[in-house]
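*Asks:* All chains, full assembly: derive it from the sequences and hints.
Chains as they are written, first to last, in our numbering: chain A, 117 to 358; chain B, 117 to 358.
Among the clues, some could well be false.
Put simply, identical chains are the same to the list, so a pair is met inside one copy or across any two.
Under the rule of at most 30 Å between Cα atoms (straight-line distance), these lysine-lysine pairs were calculated in the BS3-like manner [what the hints assert, rightly or not]: (1) Lys133 - Lys352; (2) Lys133 - Lys205; (3) Lys267 - Lys352; (4) Lys267 - Lys133; (5) Lys174 - Lys352.
Think of the hints as simulated: they come from the structure by calculation, not from any bench.
Number of protein chains: 2
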Amino acid sequence: VSTAAIVVIGNEILSAKIADENGPWLTRELRALGVEVRRIETIPDEIPLIVDALGRAKSQAKWVFTSGGIGPTHDDVTIAAVAQAFGRKVVSEPRILGMLEARYGDRMNAARKRLADVPEGADIDWHDGAYFPVIVLEDVAVLPGPPLLFKEGFGRIRERYRSAPLFSRAVYLALGEGDLAEHLDATVAEFPQVSIGSYPRFDVQADYRVKITFDGRVRDEVEAALAFFRRRVPEKCILRED
Amino acid sequence: VSTAAIVVIGNEILSAKIADENGPWLTRELRALGVEVRRIETIPDEIPLIVDALGRAKSQAKWVFTSGGIGPTHDDVTIAAVAQAFGRKVVSEPRILGMLEARYGDRMNAARKRLADVPEGADIDWHDGAYFPVIVLEDVAVLPGPPLLFKEGFGRIRERYRSAPLFSRAVYLALGEGDLAEHLDATVAEFPQVSIGSYPRFDVQADYRVKITFDGRVRDEVEAALAFFRRRVPEKCILRED
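*Replies:* The structure is reproduced here in structure tokens:
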């Protein structure tokens, strides 16, 4: 199955300086590609915590994406952490180094040289005019934190992840969860392959009380689960579907 | 030190049906209270994954907050997971049960009875007119997922977490990270107690190239680190502070 984990590396998010855009954006992109996101972990710019999160991500999902911690300054430690997670060395990539030398000339310095560092054996996605490389090591893709770069970088590798589509249906009800639970239990028991969620609303803006969602890889199963559930609930309590 | 971890339990977030509001909101609230958030983990409604996340959260932070998975339906498994993480039984809380019986009368059923389930020995925050209890077991606070309820529930317990304030300063520069890195390294070496971050912008809307942040518990150290860094950078490249 096509599953993913997202590791967001960013003190600026944990200290509430900015809200993370990349995690929610990538979650939507992956979903549209048919990839099921299993976890999103936001952690500090600290190598041991990144290595730990990468290990968990790799063991729980097929694909792993990191956001942030790429660049020339002291708080950019993602490359070192990814290398460590794989037991690889960090090496200077000649193609990137050449590009940096052409770009910076006599403004080249130790910090800018770090931009050519990659885990040994990584695949480099690079093209003329690109501002930065996208680094992919086995199933881990390393993307920069600024949303503009994150999105452009993911765009370069997006098609690698396209999978069988995920199907999703929903029904909106005028009945509370306490009255729906037994019908949900029956539907869950009958359709173990369909992921069924129940989401109540309590705010006055809502024009329904509960949204029930049906998700799966097989369209007919998703439709059958929705139909089975609908038949059990009083027709007048069903407001709409989507 | 006052640190926190947030565990967001929600298939609806991982499947991109909604964007999580509670994690970013609670991160801002905790920061304002002087609590440093160390991790935010978004995971599915699955007991083993919740137990695993709670163990990690408890070991890496003083306070733990969960969002979601509370209610009467099959996908509401947070109470069972919290009990399991502490090796406690799930018991029916008589005060909550009494309130539910008064509220629902002859519409009481097995699903609604589940709303009185709590991990044995938990502290219950409850008052007349409250729609739901806030359950706190040792350092773990259990909050419901709908943002309206999440925020109201946190409001009841907020003052328990107030700590010594965190101080934050920032300076905005017209110079790139490659030119700033050596000055950052020097500042980091001189002020090990201050957390220093470097955040470049690449979008045309930005009126600066890099924002450098200084965070710490001691105001004088934060101010001294900022002043030390400023002295090393050409004055004309400093655009503003906040």
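*Asks:* Indicate which option fits the pair Lys133, Lys352 if close means a Cα-Cα distance not exceeding 30 Å: within, between, both or neither.
*Replies:* Classified as between; 25 Å across copies, 47 Å inside a copy.
*Asks:* I want to check one pair: Lys133 and Lys205. Are their C-alpha atoms no more than 30 Å apart within a copy, between two copies, both, or neither?
*Replies:* neither (33 Å within a copy, 40 Å between copies)
*Asks:* Check Lys174 against Lys352 for me: Cα-Cα at most 30 Å, and say if that holds within a copy, between copies, both or neither.
*Replies:* neither (47 Å within a copy, 46 Å between copies)
*Asks:* Go through the copies and call it for Lys267 and Lys352: within, between, both or neither, with a Cα cutoff of 30 Å.
*Replies:* For Lys267 and Lys352, the Cα distance exceeds 30 Å both inside one copy (44 Å) and across copies (32 Å).
*Asks:* At most 30 Å between alpha carbons: which applies to Lys267 and Lys133, within, between, both or neither?
*Replies:* So Lys267 and Lys133 pass the 30 Å test inside a copy (20 Å) and across (20 Å) alike.
Of the hints listed earlier, those the structure fails to meet are numbers 2, 3 and 5, in rising order.
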